[in-house]
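With these hints in hand, go ahead and build the complete structure from the sequences.
Residue numbers (the numbering used here), protein chains in the order written: chain A, 8 to 488; chain Y, 151 to 256.
One or more hints might be untrue.
Heads up, simulated DMTMM-like pairs for lysine to aspartate or glutamate below, C-alpha to C-alpha not over 20 Å straight-line [said to hold, decoys possible]:
#: 1; chain 1: A; residue 1: K421; chain 2: Y; residue 2: E172
#: 2; chain 1: Y; residue 1: K155; chain 2: A; residue 2: D355
#: 3; chain 1: A; residue 1: K344; chain 2: Y; residue 2: D167
#: 4; chain 1: A; residue 1: K101; chain 2: Y; residue 2: D167
#: 5; chain 1: Y; residue 1: K252; chain 2: A; residue 2: E348
#: 6; chain 1: A; residue 1: K417; chain 2: A; residue 2: D280
#: 7; chain 1: A; residue 1: K344; chain 2: Y; residue 2: E172
#: 8; chain 1: A; residue 1: K267; chain 2: A; residue 2: E288
#: 9; chain 1: A; residue 1: K344; chain 2: Y; residue 2: E171
#: 10; chain 1: Y; residue 1: K249; chain 2: Y; residue 2: E234
#: 11; chain 1: A; residue 1: K421; chain 2: Y; residue 2: D179
#: 12; chain 1: A; residue 1: K452; chain 2: A; residue 2: D280
#: 13; chain 1: Y; residue 1: K249; chain 2: A; residue 2: E348
#: 14; chain 1: A; residue 1: K25; chain 2: A; residue 2: D11
#: 15; chain 1: A; residue 1: K417; chain 2: A; residue 2: E282
#: 16; chain 1: A; residue 1: K101; chain 2: Y; residue 2: E172
Label-pair distances were calculated between CB atoms; the ranges are [stated by the list, open to error]:
#: 17; chain 1: A; residue 1: A486; chain 2: Y; residue 2: A196; range: 44 to 54 Å
#: 18; chain 1: Y; residue 1: D225; chain 2: A; residue 2: S120; range: 44 to 54 Å
#: 19; chain 1: Y; residue 1: G235; chain 2: A; residue 2: D74; range: 26 to 36 Å
#: 20; chain 1: Y; residue 1: P200; chain 2: A; residue 2: L289; range: 52 to 62 Å
#: 21; chain 1: A; residue 1: D11; chain 2: Y; residue 2: A196; range: 53 to 63 Å
#: 22; chain 1: A; residue 1: K452; chain 2: Y; residue 2: L163; range: 15 to 25 Å
#: 23; chain 1: A; residue 1: K452; chain 2: Y; residue 2: P200; range: 35 to 45 Å
#: 24; chain 1: A; residue 1: A427; chain 2: Y; residue 2: S206; range: 30 to 40 Å
#: 25; chain 1: Y; residue 1: I198; chain 2: A; residue 2: E41; range: 51 to 61 Å
#: 26; chain 1: A; residue 1: E41; chain 2: Y; residue 2: D244; range: 36 to 46 Å
#: 27; chain 1: A; residue 1: D74; chain 2: Y; residue 2: R223; range: 39 to 49 Å
The hints are simulated quantities; they were obtained by calculation from the structure and are not laboratory data. Ideal Cβ placement from N, Cα and C applies to all residues, glycine included.
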Amino acid sequence: MEIDLLTVESARTAILEKQISASALVGSFYQRIEAEDAAIGAYLTLCKERAYKQAAHIDALADKGDDLPPLAGVPIAIKDVFTTRDVPTTAGSKILQNFVAPYDATVVSRLESAGAIILGKTNCDEFAMGSSNENSGFYPVRNPVDHTRVPGGSSGGSAAAVAAGTAVASLGSDTGGSIRQPAAFCGVVGLMPTYGRVSRYGLIAFASSLDHPGPFAKTVQDIALMLQAIAGHDPFDSTTADIAVPNYGDYIGRPVTGLKVGVPAEYFDEGLDGEVRAAVELGIQELKNAGAEIVSISLPHTPYAIPTYYVVATAEASSNLARYDGVRYGLRASGGKSLAEMYRRTRDTGFGAEVKRRIMLGTYVLSAGYYDAYYLKAQRVRSLLSRDFDQAFTKVDVIVTPTTPTPAFKLGEKTDDPLAMYLADIFTVTADLAGVPGISIPCGKSKEGLPIGMQILGRHFDEATLLQVAHVAEHALAARP
Amino acid sequence: MVSDKDVSYVADLAHLDLTSEERARMLRDLNSILAYIDRLNQLDTANIEPMAQVASRYGEPKDKAGEFSYALRADELSPCLPREGALRNAPVSDGTFFKVPKVIER
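Here is the structure:
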């Protein structure tokens, strides 16, 4: 069995038809991780005991001839920003290096209840702050397609594990593009669901009004299966909406005839790489050939999205990260004589450069005298950005754009210039700010063989239409010579 | 423009010390990022409501109990993290409390 080619669908079928046991499948994945992952660095922690226990449970169900749950025996990986009971959970930060979570995130327990097997925790930028995975407190992740290039970030490990075939699917989180951007760079599918569709309980907070958990997989169909398992109201997260979850599988395979696809001019400006532009224009052409109506639209406030994001996100981060003080969990630096000195030494030692930069920026924009000028101003512009989408979605059903302005860049290329790194998320932050769902699907390759991603954005809680359109585009693109 | 003094003030608020090298780099980076953020002032937002969260955008389902009623729950006892679990990750504890350096000086 070529396990690197397995999808959620085919892995489940293999277990169901007893071509392989869940335990044997898990064993094969750990062998593959041992052989392949040293060169990539996608994993931070393997949780073998937990994985084999879950595999034995699935095998027992299969032996009894019971109905198997929807993700039975599917080996997955979890970004290390989600808490996993009795398993180290670091958020990619030295300050949480020895933290062992006392409870499971809702998404983790839902995936396990659906039968998935958690192989391990994946590497990421520290506290999910970064676009290249070079801000990991432990080691960078390398792009499986080209080891000299970044996998994107912050969920770089989760994207790379799926691309390298060391997990069938995975879970990430998206605050400014952290699922869609690495999906584009690694050539896999990544979905950011609507804000409030998937629980954040047990997701280590970066920016609470922007953090979205979501899946990575090889196919749109697999994304639908993963989303089905994690979507829905959670009493432990009061921002999850009590809105019915449709059966996403019903939308896979539906034609796009008559659907209106918006193409915003602002996402195709002079900053866009020529090869990315050509690839995405071909993707749009495929949707037109499939019967969709292509409509030119405008999202006029797009140029203000990155500055808005870096005010809102850092303000929320500075507040969320105040909890890392060396008292209740995580690192405590030695030698602090007073409480205040202990706090400072702990935070100075435990946080990396980018996290400190964002805490400083966030504290600054919230501080007396600057709150109105920066924080409130950015929140007002966030309203304008959101209205852009509200207005666009009165005219179109989905919006199609490039996911990133360029394919994957080289390690070290942007590490000295934080602003250049931030601009890697220029096409993805808008959806986080508006809370609308977005998916990135592979859309051809550059001449150098680097994957290119096409992004599809939809209305709040309309992941079904996103998946419908993404599936049609995926199949049309795959059929292209 | 952010000054050295501002960097010290904000670091203090954020409970960070920062080395002199980190402070110099921070001064440079904050000024470059804030200069970029200043483009927000090109927009007149005098009559625009600030947006703090997303739920206000899509309109919540309303029932008899009112908006956001799903976010409320009955005030009933339910299991929570036991003390051992809560203290397990403590850097220093006496088994009952988290221990910290002395807070009040005599």
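Among the hints numbered above, which are violated by the structure, and what are their numbers in rising order?
Failing hints, ascending: 7, 9, 18, 20, 22 and 27.
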